[in-house]
Amino acid sequence: MSLRRWFTQLLAPEPSPARRDFLRNAATLSAAVAIPQLASAAPRARRRRHWGMVIDLDRCSGCNACGVACRQENNIPTYGPDPTFDGARPEWMSMLWQEPERADALPSLLPLPCMHCADPPCVKVCPVGATYKDPDGFTMQVWDRCIGCRYCMVACPYSRRSFNWTEPAWTPLELQMLNPDVATRPRGVVEKCTFCHHRVRKLQEEAALAGREPTDAECQRLPACAQACPANAITFGDLDDPDSRVAKLSGSPRAFRLLEHLGTEPSVYYLKKDRG
Amino acid sequence: MAGRIFALARRHPRRVLPAGTAGWYALIALALGLIGLAIYAYSVQFREGYIVTNLRNPGRGGAAWGLYIAMDVYFVGVSFAGITVASIARLFKLQVLEPVTRLAELLTISALLAGACVVVADLGRPGHGLLELPALARPSSPFFGTFTLVVAGYLFSSLVAFFLTGRRDAATMARIGPRWLRWFYRGWASGYRFTADEHARHGRTTFWLAITILPLLVCAHSTLGLIFGIQVGRPGWYSALQAPGFLVLAGASGTGMLILATVILRRMLRLRAQIPDTAIHWLGGFLWVLALVYLYFTVVEELTATYAGPTMDRHVAHSIVTGGYSTSFWVYVGTMFLGFAIPFTQYVRGRPSVRGIAIAAALVNVGAVVKRLLIVVPSQTQGSYLALEEGTYTPSWIEWSIMAGAASLVLLIILVFARIFPLTHGHEPELTRDSTLPRDRARKLASIAWATIALVLVVVGLTDSFRLWSGGDLDPRLPYAPLIFAAGVMMLFSTAVIYELLPGRRPPRAKARIVDRARTRAAPPAVALATAIRATERTNRPTSGSQP
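Which chain is which? The protein sequence lines are A and B, in order. Position 271 of the first sequence, counted from 1, bears residue number 271 in the working numbering, the numbering being contiguous throughout. Position 349 of the second sequence, counted from 1, bears residue number 349 in the working numbering, the numbering being contiguous throughout.
The shape of chain A in the complex, shown without the other chains:
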């Protein structure tokens, strides 16, 4: 291992692949035992991925369907129109809307999820390891471990993290609409976009039970924001797979990443024809 890699591991250690594989294979094995027809299927070593997203700004209309779908999918409270909560509402997918300088120009639109940086400052500064890098490229969170110091919030150059300033509150209708696949977060905990990690894991488990890997077609509109976008502007997939749509789009001449000079290596690419 090179000295640089050793040092990087020291500051942002990745969980051991062996442990993760063991647990996943154990789950698959136990499922294989329970379902007799799959007993002969041997668990295969899962391919390492680099999950990423490409957002086509030339297609984006600023409708914010991605934001609404994200809020719905991930049980994000809104606290109603009470102005006390201005600036305190958690936001995982934000729509940045910048008015143009010229009156006849279009506004700049920027859907902003978490960048799931490969070298994230938020992971380095967390004092208890409540956020960490998954080998598949997710910047994961352990909500139960968070002590609410909010260091990751101020460390993120994209300000993508939100704090639960109070207990989440739901109207009776919203309570019925909560997604059982995603935990709600208590007061005092920092949260952010997870790339709908629960959907990715579900897809991987279903594919493993069927004895295969998920295909790129299944991944392209997997997160709630990608699924909801009416303009098909958001694509999700494995950046390390050269045949995937995200890998091809990220190599496009229109592609760029935000704040690249900071060295965070974000996993979200934007496409824009005219960057003037």
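Just so you know, the hints here were simulated from the structure itself, not pulled from any lab data. Where is the CB? At the ideal position from N, CA and C, for every residue including glycine. Incorrect hints may appear among the rest.
[Stated by the list, open to error] For lysine to any residue, the following SDA-like pairs were computed, each having C-alpha atoms within a straight-line distance of at most 25 Å: (1) A:Lys124 with B:Ser470; (2) A:Lys133 with B:Leu216; (3) A:Lys272 with B:Phe466; (4) A:Lys272 with B:Glu389; (5) A:Lys124 with B:Trp450; (6) A:Lys272 with B:Leu386; (7) A:Lys272 with A:Ser108; (8) A:Lys133 with B:Ile230; (9) A:Lys133 with B:Arg125; (10) A:Lys124 with B:Leu431; (11) A:Lys133 with B:Tyr238; (12) A:Lys124 with B:Ile28; (13) A:Lys133 with B:Phe466.
[Unchecked claim] Derived coverage of chain A by chain B (criterion: at least 3 residues anywhere in the stretch with Cβ under 8 Å from a Cβ of chain B; other residues may be distant): (14) 91 to 99; (15) 128 to 137; (16) 150 to 156; (17) 242 to 251.
Please build the complex by placing chain B on the supplied structure of chain A, with the hints as guidance.
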């Protein structure tokens, strides 16, 4: 040959400690009231959540860190100067600072406690924080330094130094102090005997403690500055000047707070005879030098940010100097400049005055609080490289109340201590580090064994906290590795306690007749002093039955 305390004891056996005055009672009442308000404010915050503060998400123009973090770094900064002044006074034998060393150490300890209260009040889940940090803290985070080096190293080493330095006077107070506190004095004295050996050992530990505490302080304060300085994503924070700047401002505000505490206590408890003006004049010199250095740092920072800096760095700098935060900025510059100019003018004219220095000290502290807020807030509300919303932040009454409560805690500790223990040292022979000591193998072995175990714990705890043995896992291999590291650091400093407190060999019988020889002029000062104490005891109060 007896010092001020014993002179007092002979004249007024019950008035060794200062009497309470109206001012003292008034300040105590104020401190208790503010602490009560802070407890109430915290209960509101605990019940309703942090929505009752004015902190908000940075992505929406709010500040996630506000008054709490600013006051935390302010209090830890104030504590820096206390122990530094005490250590420098001992290392360089600055006799002029002797009268204020105990108050300086006390200020360090109480300011650190206040800082700890404020930072726990800031945590979103304080219970989780207090339980998880000793088990899971990661050194890659600058907060690790705050929670281990500052608490284990800095606070504990200050407590050790304070304890060991006070033993001699505690032993004296155990004989001539108020009866109801004798248990406290005896516990503190921990068997101190007025022998030359005790004093020689104390001389050694004082030297080594002072020389190890100073680099530890610099490290601990640098991690505080690095919390901000290493954040590339926040314009205005990312700077190599943050760590040294924090050190200098800590020195300035701490010296100022020490001056204020000294002046107020002197006036309130009539301690002018015990703490002469020269000590305050000297601290005033320290104050204007540090205030000037910090103004220089400010100029360098502004020039660097605005000359040809990146857009957002310039934007943040302009919002501070000419924009929404300009009032605060110029208040800070004005107070810091006056805090430099007043004592400097007095120095140049050769006529230092305690009143002028005290005013300058108060101004420097006001400037330091404002500057801490200017460091923490604008880079969040105005400082985003993306075109996110901008906003403002003003602390709510809850945050001000908790801050006032923490400051009152410092005030309360100092005021109460001044009434139950002498603030100035009793007369003692000069402390040297290389006086000859008899061979004491048991003591040497015990100290070396203790320090070795401590070092092992430090190395094991730190390497495991770095997850070096975890094979890529998230958590350390040993449970509570950060706590092991902190315990090792604390044990390392308590080697001094082991070295001093371990009972020595019993003196041979012949030396028991020293009392007779004490009447001659050839008696060594320590022995004569012991005799003076006993003489005081015999003439002023009946013996309580215990023989020395």
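How the hints compare with the structure:
1. A:Lys124 with B:Ser470: 17 Å, holds
2. A:Lys133 with B:Leu216: Violated. Lysine 133 of chain A to leucine 216 of chain B sits at ~32 Å, over the 25 Å cutoff.
3. A:Lys272 with B:Phe466: 42 Å, violated
4. A:Lys272 with B:Glu389: Holds, because 23 Å separates the two Cα atoms, which is no more than 25 Å.
5. A:Lys124 with B:Trp450: 34 Å, violated
6. A:Lys272 with B:Leu386: 17 Å, holds
7. A:Lys272 with A:Ser108: 11 Å, holds
8. A:Lys133 with B:Ile230: It holds: about 20 Å lies between the C-alpha atoms, which stays within 25 Å.
9. A:Lys133 with B:Arg125: Holds, at roughly 23 Å.
10. A:Lys124 with B:Leu431: Violated, at roughly 46 Å.
11. A:Lys133 with B:Tyr238: 24 Å, holds
12. A:Lys124 with B:Ile28: 44 Å, violated
13. A:Lys133 with B:Phe466: 16 Å, holds
14. 91 to 99: Holds: 4 residues of the region 91 to 99 of chain A have a Cβ under 8 Å from chain B.
15. 128 to 137: Three-residue rule met by the region 128 to 137 of chain A, so holds; n is 3.
16. 150 to 156: With 6 residues in contact (Cβ-Cβ under 8 Å with chain B), the coverage given for the region 150 to 156 of chain A holds.
17. 242 to 251: Per the Cβ count (0), the hint is violated.
In summary, the structure is inconsistent with hints 2, 3, 5, 10, 12, 17 from the numbered list given earlier, while agreeing with the others.
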